[in-house]
Every structure is written in C-alpha cells, then in structure tokens.
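Protein chains in written order, with our numbering: chain A, 1 to 282; chain B, 1 to 541; chain C, 1 to 315.
Quick caveat, the hints were computed from the structure, so don't treat them as lab data. Note that CB positions come from ideal geometry on N, CA and C, so glycine has one too. Some hints could be false.
Claimed, not checked - Which residues of chain C face chain A? A partial, calculated answer using Cβ under 7 Å:
no.: 1; residue: T79
no.: 2; residue: P143
no.: 3; residue: F155
no.: 4; residue: V286
no.: 5; residue: I295
no.: 6; residue: L299
Unchecked claim - Where chain A lies over chain C, by a calculated footprint (3+ residues, C-beta under 8 Å):
no.: 7; region: 20–26
no.: 8; region: 130–142
no.: 9; region: 165–177
no.: 10; region: 243–249
no.: 11; region: 287–294
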Amino acid sequence: MADRSFLAEMRRNPSLVIGFVLSSLFIVGAVISFIWTPFSVEDVDIANKLRQPDAEHWFGTDHFGRDIFSMILVGARISIAVALIAVGVGMVIGVPLGLAAAANRGSLLDEIIMRGNDLIFAFPSLVIAILITAVFSPTATNAIIAIGIFNIPVFARLSRGAALSLSSREFLLAARVAGKGPVRNSIEHILPNMTNLLIVQGTIQFSLGILAEAGLSYVGLGAQPPTPSWGRMLAESQTMFSFAPHLALFPGLAIILTVLGLNLLGDGLRDFFDPRIRRARQ
Amino acid sequence: MNLLEIKDFSLEIGNTTILNGVNLKLREGQLHGLIGESGSGKSLTSLSVMQLLPSGSETSGSIRFDGREITALGESEMCDLRGNEIGMIFQEPMTALNPLMSIGDQVAETIRIHTPMSPAEAQAKAAKVLARVGLPQDKFPMSRFPHELSGGQRQRVGIAMAVALRPRILIADEPTTALDVATQAQILDLLKQLVEEEGMALLLITHDLAVVADLADEVSIMRHGEVVESGDALPLFTNMQHAYTKQLFSASTHVPTRKSVKPSEDGRLLEVAGLVRAYPKARTSLFSKREVFRAVNGVSFEIHQGENVGLVGESGCGKSTLARAILGLDRVQGGTIRLKDAEISAEKKIGHSQRRAMQVVFQDPYGSFNPRHRVSRLVAEPLHVLPDAPIGKERERLVADTLEEVGLRAEDTEKYIHEFSGGQRQRIAIARALIIRPSLIILDEAVSALDVSIRAQILDLLADLSDRLTLSYLFISHDLSVVRAVTDRVLVMQQGVIVEQGNTEELFSAPEHPYTRQLISAAPDLNLAVERRQHSELRRN
Amino acid sequence: MLRFALKRLVSLALSLFVASVVVFTVIEIIPGDPAAFMLGINAEPDAVEALREKMGLNDGKVQRYLSWVTGLLQGDFGTSYTYRVPVSELVAERIVVSLPLALFALFLSTLIALPAGVFAASKRGQAGDYSVIGMTQLGIAIPNFWFAMILVLIFAITLRWFSAGGFPGWDAGFFEAMKALLLPAIALALPQASILTRVMRTALLDTLTEDYVRTARAKGLTRRQTLWRHALRNALIPVLTILGLQFSFLLAGAIIIENVFFLPGLGRLVFQGITQRDLIVVESVVMLLVFAVIIVTFLVDIAYAWVDPRLRQKA
C-alpha cells in the first residue's frame, strides 16, 4: 500500500486499517518469539518474582520470576496456531461438504450433511473438548480438534448457502448448458465467487478461536505446561491477582487486542468486498 | 384547478442529478399517465410528492398540493397527508405488505392512524374497503396473511390500504408490472373504477405506453429526469412532437423485418413428446402421501430448422421449467426430448455434439455472467464442448468476430461484465450462445428485462441472426406483442399443458382456445388502444 | 401450528438419539477399566470381575447402551465411581446453580441488547450509533472469564460489595443466592449482549429497507411508528436464531465462569470428573448439556412459528 492510498483507505475504512495493524502486531510478535524474546520463558528466577512492570521487565514478572512480556510473545504462538489451524480444519472439511450438499440439494447426502451440522451445533466446543480430554489427555491438539470440529458446520452452512444462491444464478445454468459438470463448476464459478465470504467468515472464526483457546487453556483443557499460553497465564494469576493484578492484566489485554483486531479486520474486509458499499464510495 | 402542481422541481442525490426541472400538473379526478424508461426519474418524482425521498436528497423547486407547498411542510404535517389525502401503491405486491400482519390489520392501520375510530369500527370499515377492491369477507377473511394470497390479491390489499380513506390523489407506481396480463387488466379496471366512482385523481406511473393508452386523460413522458412532452392523451399519441416520444412509441410497436420461413417436414431439429416434469408437493399433513405437482404435463411439439417458435403463458404455467428440461438441466418424469435425432436426458451425460447444437439466453442481463471473468473468457465458455476448439490467437479472433457479429467491438473482450449496460450484456449473452454456431437457441424471457428502445434493437439483432445463420429459436415470453413480432409459430401454455399451437398470425387473429382468447384480449396493445380511442372520439363529435 | 410442533418434536427426538449414541461411543473408546479404577490398584482380580458384573460392564455394547438410555429416561444416571452416590443426585445439586446462572445471563443479555440495538439502529450513522458499535466491538473481544476476574477485583476485593465467590445455596434466600450469581451472570452476559446488540441493530436496519416499511410510511405512519409496529417484529426473527445459539454458549460459558467464582455448578463437577476419571459423571453432564441445547433449539423453532405466520402453515 502506498502512503497516499494508505491514508485514503484509513479515512474510508478505518476498521480495516486498525484491524490489520492490530492483528499483524500479534502475528509478527509470535513469529519474532521464535528467534528472540527479551528473557527466556523457561528461566525460573525466584528472586525476581512478582515484580511490577519496569524498564527491565516491561510487563513485570510472574510468581516464578519469568518475564511476562516474553511469555505473552511466546503465548501468541499457541493461540494463533490453534485458532488458525482450527479455521483451516473447518474450511478444508466444511467447504467441500457444503458444496457437495448444495450440488445435491434435497438428496439424502444433503440431508445427512445438514442434520450432521445441526448435531454438531448441539456440542459447544467446550463440550467437545471435555469429551476428548476424557478420552485422551489434554493437549493443544485437543483444543485444535475441539475448535475445528465446531468450525466445520459454520463453513459448511456458509458455503452451502452461498453455493445455492449462486447456482440459481443464470451464469451457472449457462455453464451447465455449455457442458460443464458440477465439480468443474464448483471450482471455476462457485468457489471464486464466494472467497470474499470465506475470508470474512474465516477472520471471524479466527477471533472466536483465539477466545475459545484461551477459555480451554484457562480450565486446563488446552496446551499444557511448560508451553506458555494466555489462557493458562490467566488461570495461574487467579490466586495472586488481588495483590499482583498485572499478572492478569497483560495476558487479558493481549487476548482482547488480538480478538478486537481480527474482528475489526473482518468488518473492514466485509465493507471492502461489499460492492454496494464500494459503489457508494466511488 | 390543479390538485397537484409540480414546478421546476429538481432532485440531487449525492451530487447525481436525478430530476432536472420537472413540471407536472394533475387535475381533480383526472387519470394522468407518467411514462418513462428505467432511470428516467418517474418513481422518484412520485416519492418526491410523498416526501419519502432517500436520505442525502437535495431538492429545489415547488410541489403544491391543493394550494399548499408540500416541500415546506414538516414531517408531522406530511404524515397527516400521507395515506389520508395522498395514497400510494407500489410495484412489488409480494414484498409491499408486512408478512407478519393480517391483511385486515394492515388496512385498518391506515384508518386508525388518521381517524379517531375504535379498533372495531376501523376493522368494520377495513372490511368494507377490502370488499370494495374485490376481496369480500366470505372469501377472503381479514385474518388472512399476505402469503396466503396471490400477487393480484396482494396488490388489491395494497390498493385497499391506499384508498381506505378516499385520498384525493392516488399514486400508483408500476402497479401491474409484476403481474400477469389477465391480472394486470383486472387491476387496471379496478383503478379506473376507483377514479370514476370515488372522484380520486390517479397518477399512474409506468414504463409501458400500452398500459396507459386506454385509460389516461393526460400523459407525460419523462426522460433523464425531465418531462419531455405532456398533454391530453389522444392528441399526444396521434400527434407526437418530441423525438423521444416518437422513438418510444415506435419502439413499443416495433416489428423486426424477417424472411418468412417455410418449415420443411424433413428438417426436424427438436422433438418433444409427452414431456412430464413433476415435483413432489409439500405434505398437507404429517402422514399423508406426498402429492405431485406436474409443472409440465404431457407436452409435445417440434421445432424445425430455421424456424422461430414462440412459447407464451402466464408466470407459473411451466414455460421456464420446460426450457430447463429441454436444456437437460433437470430430470424429467416422462416423455422424450430428441435433438437432431439423439435423446437428451439429465440422467445421462449429454454428449458434446448435442450440447453444441443448443444454447440458451436468459432473462437477467446481470445474473447471466460470472462477474470475475473477462468478456473473452465469458464468451468462449461454450467452446468447451468443441472437440477441436481453437486455441491462442485463433480463439481470440473467434471471440472478437462473434462480438462484432452481435454489434459489439472486438476491444470489448478485455472488459469485465459490470462495465456494460443491460442491453450490451444481452448482446454478450447472445454472443456466448452463438460462438459454437448452435442450431437452436432457447431465449427464456431474453428481452423482458430490457427497456423498450433497447428491446427493439435486440429483437432486430435476433431476427437478423436467425435469417443469416438459419438459426432456430424457442422464444419464451409472457409478452404477447413481442412473440407476435418475431415468431413463425406459437405455442400457448397453461398449467403445464400446451392448449393451442399454430401459425403465429393465424393464431393471434383467430384464437380458438378460450385461454388464448383471454390472454390476447387482456394484453395491452398500443396501436389498438389508440385506434379505439380515436373511434370513440369521432363518435362523440 | 400443532403439526409444526409435532414435526419439530420428531426431529428433536432424533437429534437426542444420535447425540446419545455419539456420547456413548466416545466414552466407550476410553481405555481403562472403571471397575479396576474404583477398587484401586491393589484390588483382587476376582473382586474387580465381580464389580464389572455388578456394574453391567460385561454386557454387550447395545445392551449397555439401552440400559444407559432407559436409565437416563427414568432419571437414573448411574452411580458415580468416586462419590459412590447416584449421579442424578450430584447433577441435581449442581444444576440448580448452573441453569439459573445461564438463564440469568440470558435475561441480562437480552435486557441490555435489544434496547441498545434498537437505539443504535434508530441513530444510524450518528454518534450514539458509533458509541454503541464501539462498545460492542470491545465487549465481543473480552474473554468472559477475564472480565469476571476484573469484576471480582473491583466489586469484591476493592469495593467489597459482593463476596469474591462461593454460593450460599437457595436455602439462604432468593436474594442472597441471586446476589452471589449477579457478578458471574454479568461476566457471562457481556460478550453475548454485545453480539446480540449487533444482530438486533443489523436486523432492524435490514428490515427498515424493506418495501413494507415504505408502504407503512406511505400510509402516514411516522418513522417511530413504523419502527415499532412493522420493523421490530420482523427484525426479531434473526434475533431469535442468535438467542437460541447463545444459550448453548452461555451454558458452556457458565462452566468456565463457575471456576472463577468457585460456584458449585456442573462445571466444577465435570472437571473433577475428568481429573478423577469418573467417566459416568462426565458422560451424564455432557449428555445433559447437549440435551439442554437441543431442547432450546426446539423452543426457538416453536417461537419462530409463533412470530412468523408463514412458518405455521408450511410445517
């Protein structure tokens, strides 16, 4: 983006710009944490425990004397990875299911896919996580599966609906008259016309995934120690936060700003893609 | 005295000029036809009178109702006028009523907000008004909801709401455009009656000259936000002054010149025999068997090489379903379709040789193209079915040639579809159908969404292509005058059955089936209407 | 209307059946022998075998499923391995905390969201609208358990208006009990209220562009009258959908929030069940949650038909 158009975009669509900046901040933070963090998150330094934020430890230290800023950088990895993979799982499984259901509208396959979706909606991701944890032990993979499963019906419904409304459009009938089959039409005509929808929904599911991951690790069903995660940092802070509120403040802010950024980005993208709004701008 | 007087009225919405110094007069008890093509500003003129303009509108000039300056009135004074002194009905009866409110309540609402009547009195009055517009209580109880009524019946409810308090002006914005011809005739009759018996003035807004030709006392023609010509209806129709009026009139009655084709018995292209297309209906009760609705019920006909066949009927009669079946888009439940002596069915994969013999042009010039592809790719799509489809430069040249054939330029290949107008898009749709040189093109309401002047040009193009390339058309339309103008033979369809077929001129001049007669007599015909009025005028003198 | 309800009832039964099969199967896959777990590592094999027999663990899978489901239908959830009391008793004790909490939160969220949404829509594009939207953006982004911690910090630890956690029980009086649930309910309600406000606003703005709204204006209704008499009821249809979905989030959220406030609800029960591998408790609570969600979906469907006459007939 050139400077001039950046400013122009900022004025027209501030959600997009603020959202983009906020979410990239955390993604970049997560990436940087692989190479460099101010302190190692594994170093226990009891002498320096529960320090208030200062010039050396920007966000203070926890009850083991670990640097909270570093832990938040490293914690971003797991939050972002879990949420992103869960969105991927939801898309990769949900979108083809939705397209297949739409292509065979009213058939048994459609019925099975849609009823299956309804059923999954009856299992909130927390419940799925509980079930999985009951079978296996809690891990980050567990969280990915639990959140990913819940994403499947979201994308299946979205793509089924979009495909159905597109398939009644005359250009798809014309393509069929031109001898193109359902698979080819799905790839050539339907998918490209619903990418906007998928990107916007994907951003929203991404932010919901961050929240869900935080919730799961907060109750101990997500990533396990010593992997730092925002949700568990909050859980660990709970017994101490009456006298060390900074333990809870910074991981909480990290979650809020990431989710806020992604939501703003989603809103901004929706406006950006919406031809009605775009036309009004011109 | 003029009940309504619009003077030098201009309207801008977000720096776009919509109306540019409109002048219009409406006398007490008069029926005034306001005619214009899409984008002429006729609807916004009526919304200006109602002061229901979209936000961001800037207006200048004057609108006087009964001597009062409407543009100077406050919102609460306007609310007192609306529905009370000025009633309005809209185009789309399907969406103009609140789906969650019974029709009785919706009519009674108009009465209750303007009068101190009790709910019971208002209901009783609403019942009278509904009966007045043709929805008597014994057949259409007030507890009905809009979805339980047909389009024509809903439009009657809309009229009842607008006339419940006998407004002095009724504004009707394309009130019959969404309706079938028979229903259209009934609604127009009702409106005319209301004007005559209740002494209301009616501003009837339409794109269709034929609709007002029979009814209007005065006519105004609008174009690009201006009234270009205005005056008493008959003198205006017989002695048009403005070039645009003349153009509109001639386009409305346009008949393309065509070579007449003598169908040969051997050149059979399409044979449809005993075709049935049935859907299961929604269950009426939980355990009852599903009933079957036969949208197409035993249809048989043939199309010969080079012949243009029309298929007419009201909406829901099964004509588009028939088209989809012929195109092999849907499975059929009985009968056969043979194209060039090979069977077509949606179950089996349709051979490319058959696909290339038949193409289609749809109604909606906006929905017919993938918005993400360039014209070159859009037009080339059917080349897919050719075993030896040209590639590279040759393909480009073929696309460019085809575009030129339909009256576009070769440079247009690099553009996207949103850069074209409705008429141009329909040309591109024809180019797409034409590129593989099919023998038959199915035109499903292909000119119905176009303004009359554009429609006339597309009809000319179609006639010319058919003559030059010995193309056959199956021309599906609800508009009888268009079918009459461009086809050799015509099929009349009612409730899934072809009730009459024959040579176009013979069938139109001497229809045999009662349904055909009803259709033809209900269809507005501009020339006939003007002639009729001239006669009655002569008799009066 | 009756036919519509019947039809929904059939699909409700079907969902419950499939859900129960899913839950049962998942628990079946779990490695380990509950009987051995109950008796501890030093148990005699004979004793374990006898207990297996007594618990019906040696029966066929189908038979075990059937006896589990018939048990559920009669309110018999089996016996907890660790507490050695009927699970139904445990659940009954806990559900009187979790369910009122979720309902309280649903009530608060609706109470805040509907007026806020209507307000924002009626002030579209003005400062009032933007501030409501801004607040909802923030409300959606705040994790409810973090918000709960902040509430505790402010109102319990600093201001000392509420206790920081625990539940006195309904015996302590309705108001005492509700007071203990107030902070958790607010924490739960905040994100849902934000979502609902946005849905309400968008739905209302959408219906305000409908043709029948223009018709109503042409009849002489003022903007306000049009909003209240025509747009609002139509806008409630999408709001109902979200409301139904939210209940499942609230119930799941309640499980997490209970942890912050040390409330003796289903959440604490299920997490103890997991750590102690008391699977029959986990199984029962999960089934109960799923059951609640499916019932609410059913109720939302019925409410749809009540609002929308078109659905009453279609069935």
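Evaluation of the provided hints:
1. T79: 18 Å, violated
2. P143: 5 Å, holds
3. F155: 13 Å, violated
4. V286: Since chain A brings a Cβ to about 6 Å from C/V286, closer than 7 Å, the hint holds.
5. I295: C/I295 check fails; min Cβ-Cβ to chain A is 10 Å, beyond 7 Å.
6. L299: Status violated, d = 13 Å.
7. 20–26: holds (count 3)
8. 130–142: Since three or more residues must qualify, the claim that chain A covers the region 130–142 of chain C holds, with 5 doing so at under 8 Å.
9. 165–177: Check failed, 0 qualifying residues.
10. 243–249: With 3 residues in contact (Cβ-Cβ under 8 Å with chain A), the coverage given for the region 243–249 of chain C holds.
11. 287–294: holds (count 4)
Comparing the model with each numbered hint stated earlier shows that hints 1, 3, 5, 6, 9 do not hold.
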